[in-house]
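Protein chains: 2
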Amino acid sequence: MATSQSRSPDSEPKVPRTERGRQTLRKLLDAAAKEFGEKGFHEASISGITRRAGTALGSFYTYFDSKDEIFRALVKDMSGQVAAQAGKAVTPDLAGFDIERAALRAFLEFARDNREIYRIIDEAEFVDPASFREHYETTAKRILERLQKGEAAGEFAPGMDEAHAWAIMGMNVFLGLRYSVWGEGNEPDRIADIANAMLRDGIASR
Amino acid sequence: MATSQSRSPDSEPKVPRTERGRQTLRKLLDAAAKEFGEKGFHEASISGITRRAGTALGSFYTYFDSKDEIFRALVKDMSGQVAAQAGKAVTPDLAGFDIERAALRAFLEFARDNREIYRIIDEAEFVDPASFREHYETTAKRILERLQKGEAAGEFAPGMDEAHAWAIMGMNVFLGLRYSVWGEGNEPDRIADIANAMLRDGIASR
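The listed protein sequences derive, respectively, from chains A and B.
Counting from 1, one number per residue, gives the positions in the first sequence under this note's numbering.
Counting from 207, one number per residue, gives the positions in the second sequence under this note's numbering.
Mixed in with the good hints there might be a few duds.
[To be verified] No farther apart than 25 Å at their CA atoms in a straight line, the calculated lysine-lysine pairs in the PhoX-like style are these:
#1 Lys294(B) / Lys39(A)
#2 Lys273(B) / Lys27(A)
#3 Lys141(A) / Lys67(A)
#4 Lys240(B) / Lys67(A)
#5 Lys39(A) / Lys88(A)
#6 Lys245(B) / Lys294(B)
#7 Lys282(B) / Lys294(B)
#8 Lys282(B) / Lys240(B)
#9 Lys88(A) / Lys76(A)
[Said to hold, decoys possible] So, partial list: chain B residues that the calculated Cβ filter (under 10 Å) puts toward chain A:
#10 Val221
#11 Pro222
#12 Tyr269
#13 Val296
#14 Leu300
#15 Leu353
#16 His370
#17 Arg406
In short, the hints are calculated from the structure, not lab data.
All C-beta atoms, glycine included, are put in the ideal place defined by N, C-alpha and C.
Between the sequences and the hints, there should be enough to build the whole structure, so can you do that?
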């Protein structure tokens with residue numbers, strides 16, 4: 001399985017065909033998250049990643065051609081994990097504001113347990129701008145779809161716009177930075193309640 | 207005036223005593239914004255900065271000891287410019303939500319006219335984490351003070367919290383990224399209206 005056969009630089013990462021291969025790829029991505037998160041892109045090394053993963057160097061080259069390529073794959077993987085966490089938290093019985101609350105709460109917990117995600121996504125702005133942009137555009141699109149669905153169901157006010165989605169994404173990202181990455185991350189319910197009440201009713205005195 | 211006398215690494219940038227010195231320092235900081243914004247920290251050079259500023263290398267060392275030091279000064283300067291723009295927009299006749307709208311509108315215009323600000327502040331997360339953190343903590347503190355003042359005046363709901371300030375900051379930062387840096391930046395009023403209405407009344411259907 002381990003081959004150093006070179007693939008074209010634009011090729012997608014090779015998809016493992018066996019369960020063992022899937023496990024190796026997962027180990028490499030998890031190790032890359034630690035390596036890039038601790039050292040940053042420039043100081044990180046392929047040998048550092050394989051050492052953390054406990055895999056041979058050849059296994060790395062089975063799936064990736066370069067440090068750039070595994071970084072790009074990692075941003076995509078983390079972006080997918082954020083989406084998957086929100087997806088899991090949003091159970092079918094939820095609607096409207098409860099969906100937004102569950103999605104934020106899940107993100108706050110995910111960021112607390114994977115603090116390196118901020119450093120990695122933020123570094124993509126410099127190392128791989130296309131992935132950086134794609135992560136936020138994809139996330140905003142997902143939020144806008146929820147808002148439009150809630151508008152159609154009569155729960156959200158008419159006129160849900162892309163700007164609402166970006167505003168909500170910004171709220172969530174900065175609350176995660178402040179309370180999950182820089183803070184203890186031990187009050188996801190309180191933070192999610194504050195943000196959800198603000199989203200629902202605003203902060204005007206009534 | 208031009209001296210290469212070395213100062214201790216922790217010293218504050220030297221404060222110019224003459225009007226001409228103030229102009230030179232301003233030119234150096236503006237040139238640094240362009241150099242770091244276009245090339246990023248690692249590719250940027252002191253000679254690139256002085257070339258853009260049209261100043262002698264000696265003038266640089268009058269005010270800064272290193273590329274790191276001018277970068278740190280630049281983050282502080284940009285953070286101060288963001289605050290100053292908001293301050294100018296918030297005229298004494300405004301209160302409550304009108305203040306928040308004016309502050310966001312001013313920021314959207316500032317980010318459109320100084321697109322490099324995102325790249326510079328975001329790169330500080332890696333090059334100078336303390337400045338990165340200070341920028342956001344200072345900005346959030348300023349927002350929270352406005353919220354508490356509005357709460358005392360009966361315009362904002364009781365219980366304004368640091369989390370509200372971070373949520374509002376996140377909204378503003380991401381709306382600036384989407385519409386001022388990645389977009390044309392030609393609809394600050396529409397964006398400020400959407401964000402302000404959401405902040406005031408939320409997005410619940412009524």
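Numbers of unmet hints, in rising order: 1, 2, 3, 4, 5, 6, 10, 11, 12, 13 and 14
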